[in-house]
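Residue numbers (my numbering), protein chains in the order written: chain A, 1 to 357; chain B, 1 to 357; chain C, 1 to 357.
Take these hints with a grain of salt, some might be off.
For identical chains, the list gives no copy identity; a pair is met inside one copy or between any two copies.
Claimed, not checked - Calculated lysine-lysine pairs in the DSBU-like style (CA-CA distance at most 30 Å, straight line):
no.: 1; residue 1: Lys336; residue 2: Lys122
no.: 2; residue 1: Lys212; residue 2: Lys122
no.: 3; residue 1: Lys248; residue 2: Lys212
no.: 4; residue 1: Lys248; residue 2: Lys166
Honestly, the hints are just simulated from the structure, not real lab data.
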Amino acid sequence: MNNPSVPEGGKAHAGNFFEDFRLGQEIRHATSRTITDGDVAVYNGLFGPRFAVQSSDTFARAVGYPRAPIDDLLVFHVVFGKTVPDISLNAVANLGYAECRFLKAVYPGDTLNAVSEVIGLKENSSRKTGIVHVRSRGFNRDGASVLDFIRWVMVRKRDENAAAPKEKIPDTAKSIDASALGAACPTIVVSRYDATLAGSPHLFGDYTAGEKIDHIDGITVEEAEHQIATRLYQNPARIHFNNFAESKGRFGRRLIYGGHVISLARALSFNGLGNAFHIAAINGGRHVAPLFGGDTVFAWSQVLARSEIAGRTDVGALRLRTIATKDRPCTDFPFKTGDDYDPAVILDLDYWVLMPR
Amino acid sequence: MNNPSVPEGGKAHAGNFFEDFRLGQEIRHATSRTITDGDVAVYNGLFGPRFAVQSSDTFARAVGYPRAPIDDLLVFHVVFGKTVPDISLNAVANLGYAECRFLKAVYPGDTLNAVSEVIGLKENSSRKTGIVHVRSRGFNRDGASVLDFIRWVMVRKRDENAAAPKEKIPDTAKSIDASALGAACPTIVVSRYDATLAGSPHLFGDYTAGEKIDHIDGITVEEAEHQIATRLYQNPARIHFNNFAESKGRFGRRLIYGGHVISLARALSFNGLGNAFHIAAINGGRHVAPLFGGDTVFAWSQVLARSEIAGRTDVGALRLRTIATKDRPCTDFPFKTGDDYDPAVILDLDYWVLMPR
Amino acid sequence: MNNPSVPEGGKAHAGNFFEDFRLGQEIRHATSRTITDGDVAVYNGLFGPRFAVQSSDTFARAVGYPRAPIDDLLVFHVVFGKTVPDISLNAVANLGYAECRFLKAVYPGDTLNAVSEVIGLKENSSRKTGIVHVRSRGFNRDGASVLDFIRWVMVRKRDENAAAPKEKIPDTAKSIDASALGAACPTIVVSRYDATLAGSPHLFGDYTAGEKIDHIDGITVEEAEHQIATRLYQNPARIHFNNFAESKGRFGRRLIYGGHVISLARALSFNGLGNAFHIAAINGGRHVAPLFGGDTVFAWSQVLARSEIAGRTDVGALRLRTIATKDRPCTDFPFKTGDDYDPAVILDLDYWVLMPR
């Protein structure tokens with residue numbers, strides 16, 4: 001049985017279904033993509049990040065970069081977007097991320113490509129879907145890895161009767177070890193890091209484990225905004241764009257790409273974490289609930305841990321949990337009651353940032 | 001009688017009316033415009049095209065371009081936009097296009113200018129409007145033509161009693177001959193054209209005349225998106241921007257620039273035509289029905305003809321009909337019943353694309 | 001008493017309140033920012049300006065610039081945006097501008113920074129708010145001033161009982177003297193200024209004091225558009241982004257950044273002032289009434305004065321009043337009845353533009 005939406009002999013690609021994946025399979029993704037100053041500007045217009053290193057060539061050069069690097073999350077979204085046509089076009093849900101490391105700074109003019117390896121498969125008991133685990137890698141034109149991450153998604157089967165694959169669920173680290181952080185960050189000349197110009201007086205030493213920060217502001221998301229962002233990443237997941245279909249679907253409307261929430265939370269986090277100029281790793285992320293056009297996103301963060309990085313005296317690492325909510329300010333740090341998230345929570349992100357010492 | 005919306009002595013330009021045009025008249029258009037990486041990024045955010053040659057400097061260089069060229073339709077829209085203040089500010093309808101050829105690749109940093117020649121005039125029997133045919137040409141700062149096309153528009157008369165001009169309707173070719181295609185495409189090094197990285201296994205030889213392709217996906221258009229696009233092209237046609245006036249007008253709302261539909265259909269067509277990296281010519285186009293904010297656009301294509309290009313072994317040409325619809329998936333290829341278009345059809349575009357052989 | 005929205009010990013910044021300002025205080029603002037071709041493209045997509053000097057490197061070089069300079073208002077908004085976190089995050093109203101001069105052309109690749117000096121303070125009789133006057137200066141990485149302006153804002157007090165500062169209201173000039181204009185404009189090679197390519201036949205000598213121009217067109221503003229613009233400038237004023245809070249606030253909805261209206265009016269003014277390629281100074285500006293998403297903006301201008309500039313034969317200066325309205329065409333030049341503005345007026349801007357002679 002073929003996918004009914006693709007006519008016999010049609011050359012359009014309806015995406016891979018669960019039974020199309022094989023353990024160990026390596027998938028080279030389209031589309032090769034050069035990142036430019038233009039991409040940066042569109043991203044800035046959509047999220048308004050204010051971290052100085054990414055905002056200013058002059059600031060970046062002063063502290064040790066050859067020029068302002070591309071925002072880490074823009075790199076993530078572009079690489080992620082490449083994996084969508086092959087991995088998650090028929091996904092029911094994006095279940096999680098792990099072991100995401102930023103390995104090399106990306107600059108305007110760099111070309112990004114991506115490959116994924118299938119590292120886990122497990123059919124669900126319904127036999128209608130299965131879980132696919134992939135390790136995806138983004139690399140530049142010299143073949144150097146810039147980003148590496150694991151994600152797992154629930155993917156529909158084309159045919160419920162297709163045989164189930166041998167089950168394999170990969171072990172993933174709960175957290176990237178601090179010693180593995182910082183590959184994408186040159187040595188920072190801390191004496192030339194101008195905290196006033198960066199917008200925050202608080203450096204690595206000022207944060208303590210357990211500390212909570214309400215990022216105060218809220219940003220309302222418009223349909224045009226998330227569509228522009230997701231297309232900028234060349235992420236063609238249908239659920240974000242096709243209101244004709246989605247108005248009759250699960251949510252009655254378009255679903256916003258989960259990465260949009262991460263970028264909003266990151267931009268909001270500037271207020272309180274203004275010197276956290278680089279995301280070094282994402283330990284794990286969960287899209288607790290969906291976000292829709294018209295919703296207003298708020299965020300707060302907790303410092304889960306502080307760590308020096310072996311061999312580096314310029315920067316230290318903060319492990320953060322950032323919680324994003326919709327239509328609910330975070331003054332009182334909404335999180336969980338027992339195992340259940342506060343109903344307003346939409347994102348629970350566990351990641352490492354670097355900050356000057 | 002003057003245009004009542006322009007006060008006596010006012011320096012604002014209300015646009016040309018039908019009786020302002022003279023056969024053979026040459027009109028140099030404003031505004032000179034440099035295309036940049038920034039324009040490309042905004043365009044990508046609005047349409048999400050994924051053709052590898054335009055997306056990646058590295059991919060483009062590998063196959064024979066000096067760098068990634070500007071998307072053909074972005075060039076078209078910018079040149080078209082320049083003609084609007086002089087040709088179609090008082091247009092009732094954009095009736096058609098013919099003999100559109102892309103003559104030279106355009107790159108970031110190139111400056112575009114445009115001129116039009118009036119090649120046909122015919123007053124309508126109502127005496128309230130007339131049809132103006134122009135051949136418009138876009139050229140770069142070296143004066144080399146990058147684009148050449150004919151369009152005809154129905155333009156209001158300022159004064160119903162103004163004398164009718166001598167009637168002239170130009171002959172236009174039904175289709176550009178395949179031998180005239182490819183001027184804007186360098187010799188492609190097919191051995192270095194990586195179809196996996198481009199996102200489609202189907203090359204020129206895999207398509208057959210008559211073949212139909214449903215492009216599957218749908219894209220909902222937001223008001224902000226088409227306004228941003230149309231302004232990016234410096235196209236000031238009022239009907240796209242002024243909801244105060246249009247809410248009382250013909251459609252009760254802003255009308256979306258017809259070129260927006262062409263760009264959406266082109267982006268959708270990637271799914272099934274991923275290696276059709278270059279639009280070489282547009283034989284004809286008809287905006288069958290208007291598109292409005294909130295509508296969802298779908299598209300399908302039929303291969304009308306396949307043609308080799310004399311003297312070239314690197315690429316071949318496919319003549320395509322791409323049909324765009326609104327709020328109607330194209331699984332069953334909606335087109336015409338007799339002479340009448342399916343009521344969901346909004347665009348009927350006949351054009352040539354190049355594909356590696 | 002602390003700001004209740006910031007928890008004890010929280011590192012997020014709730015902005016300065018009236019009693020935080022001291023006369024003579026100098027504030028260095030974050031975030032250092034490099035302006036790129038990408039920013040220009042996003043700005044163009046949002047406003048659609050068509051002034052040739054800013055649109056075309058080729059045109060700009062012909063007349064004497066090294067390349068197309070950044071739109072004056074984009075420079076203004078970026079510098080203004082930097083001042084917001086320190087000056088006006090707790091502002092009730094942006095009351096006025098004065099003595100704004102553009103001092104040096106800005107080009108893609110330039111990095112902008114900003115400092116402000118507190119030059120006036122006056123507590124209001126309610127004791128709940130006070131007026132803060134600042135002189136803000138934008139400068140490039142070489143430390144050269146590119147922009148200098150005074151603005152005054154009404155700012156909330158954190159604590160009504162805090163002591164009032166010594167009152168000081170600075171004198172500001174009603175208008176910049178014409179002899180002080182033009183620092184940001186190189187000598188224009190008028191013989192190479194192609195007015196057809198610029199889109200208007202009217203040069204400096206064609207305008208007369210008192211003359212009025214209806215700019216005819218209207219532009220409807222979408223929520224996504226003003227949010228993208230304001231974030232592009234890294235202006236984090238909450239009232240523009242947080243519909244959750246604003247829907248319960250003063251206006252029941254998000255307020256559009258006043259600078260958005262200035263940019264719309266400037267873009268509209270192209271029709272009638274197409275050769276007014278450079279804003280040399282803003283004498284004063286008043287946001288008479290708020291603008292909201294869905295409103296349509298119109299504009300008209302009056303020439304208040306014409307002035308030669310001592311020592312320059314290339315360009316002359318026009319002092320303009322541009323009035324913007326919402327949901328009301330400007331055919332009859334709506335302005336004031338006695339001291340009261342027409343209820344449709346939203347902006348009254350008094351500024352100097354340069355035009356080729």
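Results of checking the hints against the structure:
no.: 1; hint: Lys336 with Lys122; in the structure: within (29 Å within a copy, 47 Å between copies)
no.: 2; hint: Lys212 with Lys122; in the structure: neither (38 Å within a copy, 36 Å between copies)
no.: 3; hint: Lys248 with Lys212; in the structure: between (41 Å within a copy, 27 Å between copies)
no.: 4; hint: Lys248 with Lys166; in the structure: neither (35 Å within a copy, 55 Å between copies)
Hints 2, 4 from the earlier list are contradicted by this structure; the remaining hints agree with it.
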